[in-house]
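Using our numbering, count along the first sequence one by one with no gaps and you end on 860.
Each hint should be verified, as a subset may be incorrect.
Claimed, not checked - 30 Å max Cα-Cα, derived DSSO-like pairs, lysine-lysine:
id: 1; residue 1: K762; residue 2: K847
id: 2; residue 1: K789; residue 2: K762
id: 3; residue 1: K847; residue 2: K789
id: 4; residue 1: K789; residue 2: K853
id: 5; residue 1: K789; residue 2: K774
id: 6; residue 1: K774; residue 2: K762
id: 7; residue 1: K853; residue 2: K774
id: 8; residue 1: K849; residue 2: K774
id: 9; residue 1: K762; residue 2: K849
id: 10; residue 1: K774; residue 2: K847
id: 11; residue 1: K849; residue 2: K789
id: 12; residue 1: K762; residue 2: K853
Calculated from the structure, these hints are not laboratory results.
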Amino acid sequence: MKNNADFLEKVFAIVERIPRGKVTTYGAIANAIGMGKSARLVGWAMHQSFLCERDIPAHRVVNRAGLLTGKHHFGGENVMADLLRQEGIEVENDKIKDFRKHFWNPDF
DNA sequence: GACTTGACAATCC
DNA sequence: AGGATTGCCAAGT
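Generate the whole structure from the sequences, applying the supplied hints.
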């Protein structure tokens with residue numbers, strides 16, 4: 753049944769599919785995978801992505817409020833925000849402006 | 001082996 | 001409208 757491993761694979765696949773300049777939320781990913789009620793697992797998976805060698809653009813994944821919740825985990829204070837700005841996303845006070853506009857729905 | 005914590009979210013009061 | 005509580009799954013202590 754590959755429960756946990758398959759879950760991780762799905763998360764990685766979705767995050768890697770996020771187009772440049774777009775962002776998504778943990779809940780959206782969880783919902784797309786089928787674990788809709790377990791958004792925390794997505795956050796856990798993202799932490800695994802850092803341990804993994806894969807280039808997971810985790811900076812494109814934020815919480816439902818568009819707040820850069822995981823910026824502290826990028827090894828810097830403004831690293832995540834800066835990355836998003838390079839993508840063309842407007843970030844203000846560690847929060848994505850027009851988050852709804854940049855939101856990418858993980859619709860397969 | 002049990003309890004607490006965690007990159008969240010939805011609901012209840 | 002805003003604060004508090006619960007749900008969910010896995011890992012770390």
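Hint check results:
no.	hint	verdict
1	K762 <-> K847	holds (26 Å)
2	K789 <-> K762	holds (16 Å)
3	K847 <-> K789	holds (24 Å)
4	K789 <-> K853	holds (24 Å)
5	K789 <-> K774	holds (23 Å)
6	K774 <-> K762	holds (18 Å)
7	K853 <-> K774	holds (9 Å)
8	K849 <-> K774	holds (12 Å)
9	K762 <-> K849	holds (27 Å)
10	K774 <-> K847	holds (14 Å)
11	K849 <-> K789	holds (26 Å)
12	K762 <-> K853	holds (24 Å)
In this structure, none of the earlier numbered hints is contradicted; all agree with it.
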